[in-house]
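K.L.:
Sequence:
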Amino acid sequence: MRDGMLAAFDRAYKGNRAPLFIGNHFESWNGGTYMRAVEDVIKKVCPRKGVRCVSFKQLADWLDAQNPRVLEKLRVLDVGVRPPGGWKGYLTAEPGRTSDRETAHERTSGHHTRTAKRVRE
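Under the working numbering, residues 289 to 409 are what the sequence shown spells out, in order.
Source of the hints: derived by calculation from the structure; they are not laboratory data.
Every residue gets a Cβ at the ideal spot worked out from N, C-alpha and C, and that includes glycine.
There's no promise every hint is true.
[To be verified] Okay, the calculated beta carbon distance ranges per label pair: (1) Arg324 with Arg370: 26 to 34 Å; (2) Gln354 with Gly319: 37 to 45 Å; (3) Asn312 with Arg340: 35 to 43 Å.
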């Protein structure tokens with residue numbers, strides 16, 4: 289279980305940087321082995337650069353605040369795939385356009401390349 293969660297994290301972290309959630313309802317099964325696996329993964333991934341480990345509510349709030357035009361572009365990417373040409377140009381250009389213009393919302397909302405999410409302070 290631990291290895292599977294770490295593999296899922298690595299795929300998102302090295303790929304499309306989509307939010308990844310880790311949930312666990314098995315904490316007492318098999319002597320707590322599942323809960324220990326989740327705890328081990330959290331200890332390994334949360335300190336990594338660009339990672340935010342947050343609650344489901346914080347993730348939902350962050351997703352609700354995203355620019356719909358950027359989300360439209362992100363939806364066409366396959367799971368774990370980076371866009372050709374890199375993230376900066378892909379996220380700043382409007383859907384269907386190749387310019388590097390950013391809207392004011394995109395400049396202030398932060399990049400959408402986080403594995404967990406950027407917490408609004």
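K.L.:
Against each hint, give a clear statement of whether it holds in the structure.
P.N.:
Each hint, compared with the structure:
Roughly 32 Å separates the CB atoms of Arg324 and Arg370, a value that falls within the hinted 26 to 34 Å. Between Gln354 and Gly319 the Cβ separation comes to about 41 Å, which falls inside the hinted range of 37 to 45 Å. Between Asn312 and Arg340 the Cβ separation comes to about 19 Å, which falls outside the hinted range of 35 to 43 Å.
Of the hints listed earlier, the one the structure fails to meet is number 3.
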